[in-house]
Amino acid sequence: MAEGTRNEGPVILVVDDEPDIVEYLSEVLEDHGFRPAGFTDAGKALEAARASPPDLVILDVMMPGRTGLSLYRTLRSLPGTERVPILFVSGAAREEDFEGGLPPGWSAAALEGPHAFLEKPLAVERLLGAIRGFLGGRIG
Amino acid sequence: MKSIENWVREHLFDRAPIAIAVLDGEHRIRLANEAFTTLFGPWEGRTCHELLKGNEGPCERCTLDWAMVDGKTRVCDDRLLVGGHPAHFVVRVAPLGDGEAEEELALWMASNVNEAISLRRENDLLFEKTPCYVTVLDRDLRIVRANRRMREAFGKAWGHPCYAVYKRRNRPCRVCPALQAFQDGQDHSAAMVGVKADGSEAHYVVTASPLAWEGGEGQGRVTFVIEIATDVTEMKILEREKLEAERLAAVGQTVAGLAHGIKNILMGMEGGVYVMRSGLEKGDGRKVDRGMEMLSRNVERISSLAKNLLSFSKGMVPRVALEDPARPAREVADLYASLAQREGIRFETDFPAGLAPAPMDREGIHTCLANLVSNALDACKAGDAPEPRVRMRLFERQGALVYEVADNGCGMDYEVKSKIFTTFFTTKGAGGTGLGLLTTRKIVQEHGGKVEVETSPGKGTTFRLVLPRNRLPRCPEEAPEESVDAGAPAAPAKEGGHGEGGG
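These protein sequences, in sequence, are chains A and B. If you want the working numbering, it's the position in the first sequence, counting the first as 1, plus 1338. If you want the working numbering, it's the position in the second sequence, counting the first as 1, plus 512.
Derived by calculation from the structure, the hints in this document are not laboratory data. Glycine is no exception: its CB is placed at the ideal position from the N, C-alpha and C atoms. One or more hints might be untrue.
Derived DEER-like restraints, expressed as beta-carbon distance ranges [to be verified]:
1) B:E875 - A:H1370: 47 to 57 Å
2) A:E1385 - B:E835: 29 to 39 Å
3) A:S1415 - B:E899: 48 to 58 Å
4) B:G970 - A:A1461: 35 to 45 Å
Kindly produce the complete structure, drawing on both the sequences and the hints.
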């Protein structure tokens, strides 16, 4: 599991309770010129974001202890991350389930700020496409 | 005083408010009073059978003849013509002769009982039309009276034992509210399953109530019991449909959870392939090895998931048999006691002896309890209680069997608690499949029950499997029989118990 940052380029926080997924995404991001910071623990991810706000966050919606959604709410309440783009990833729902907001049964909190949903497993091109959509010309 | 006697002697015959006549041995009306004349019309020169019955010849069983033969007063019910229409009367005939009279004469008196008869008819109508199955049973449990709805649903009832008619059994039911009512003179209720005349199943709730006693109301032995049964088949069907819908929903949630789990593993595998390929392209052997590790780790996960799925699907068709509810609990306790000891966790059990057997899939309940105890031990290990403790209990609460597993471990916060059943959720990272509680809930739902959770972060968690006895699955070999005795003795009937031996 990669915890910490490497390379130059935008910093992307990767938060997923699956170590293999964190490693995979970090590898992909690194290969494409980003600086991934991977975490399997939402609490540690929050500490890192507080210390040094990232350029984008990839967030697993369903995680033990603290779900992706509660981490999202905390991030939005922090001065440095209130507008950080957030890419939700989930294996529990399909992308079309997120059209027009959250699927029924999920937290009722309205989502604010830039965000998008991606379904697991993630196709590399779609992931990069979504990131480029948010970060645009900032990619090195 | 004298004058009253004279008046009576002169006028009683004519003024008495009851029809009186004097008949001779040839059935001729020799004398009649005003009431008689008013009721039946002119009588001079006519016979009783002509005037009162419209018959030419004497009646087949003539009360007058009987009275003349043995000289005793006779009483009978009779239908006599009043204005051409039959009406109910009670007739008394008393021979007048003292043996020395020139001819045999008899005093004939009739009182109209139409009103009493119509009252009785109303009662009959009430009995017949009551929208319940109503029967009156004697001490041999034979049906001496059954109302229309009962006869229509269950066929011929009169003279047959209730268990034969309601259930097609050849011996009394295990739980019999009628027998209980005969024994203690109290009301008793039970939920029953019977077989109707058309072969269909009938679910009903029956209350048996003492109707008559040997020595009058509340005195001596109960001689007759009335049973009133309300058909709840429709309700049962709805309940079953609801249960089925709940089961389907559980299956849907399980499948959704599975998809989630499989997607995560797939992504791990994809990651392995990606890292391996990237290593190959860059000639980085360590990266290739890491990719291989990721790949094989996730292959292992998916095979263990497949194995778990098999055990999950094993419970698809519960193997139901009548079991001692404490048995699976004891088995699980035996299994985990030594493990708990090794981990320094106090393991307490409380399983009362003598609980009534219940139809259940013992292996399924065993799986549920093993899941809960295993989770409780894990929670204790993750918590920081100075004296970690897991307590297993079994008890009965409001007609339901309750298995309880409580720990003083780490507990769950709201977010975790709200997710434990809804998805393929695990707090144990790669160490858990997230199937344990899902399987538990599925099995419990298949038993018609529910899983209750009480938890407090840092303080501990209590899980309860609540299995209402009346919703438990039925044993395949079990003949239609009562599902449960729904009744502790009710208050004794205060009124309505004054029948004439059940009519």
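Hint by hint, here is what the structure shows:
1. The supplied range of 47 to 57 Å is met by B:E875 and A:H1370, whose beta-carbon atoms lie about 52 Å from each other.
2. Between A:E1385 and B:E835 the beta carbons are some 52 Å apart, a value that contradicts the proposed interval 29 to 39 Å.
3. For the hinted restraint 48 to 58 Å between A:S1415 and B:E899, the CB-CB distance of approximately 39 Å leaves it violated.
4. At about 41 Å, the beta-carbon gap between B:G970 and A:A1461 stays in the expected band of 35 to 45 Å.
The structure fails hints 2 and 3 (numbered hints given earlier, in ascending order).
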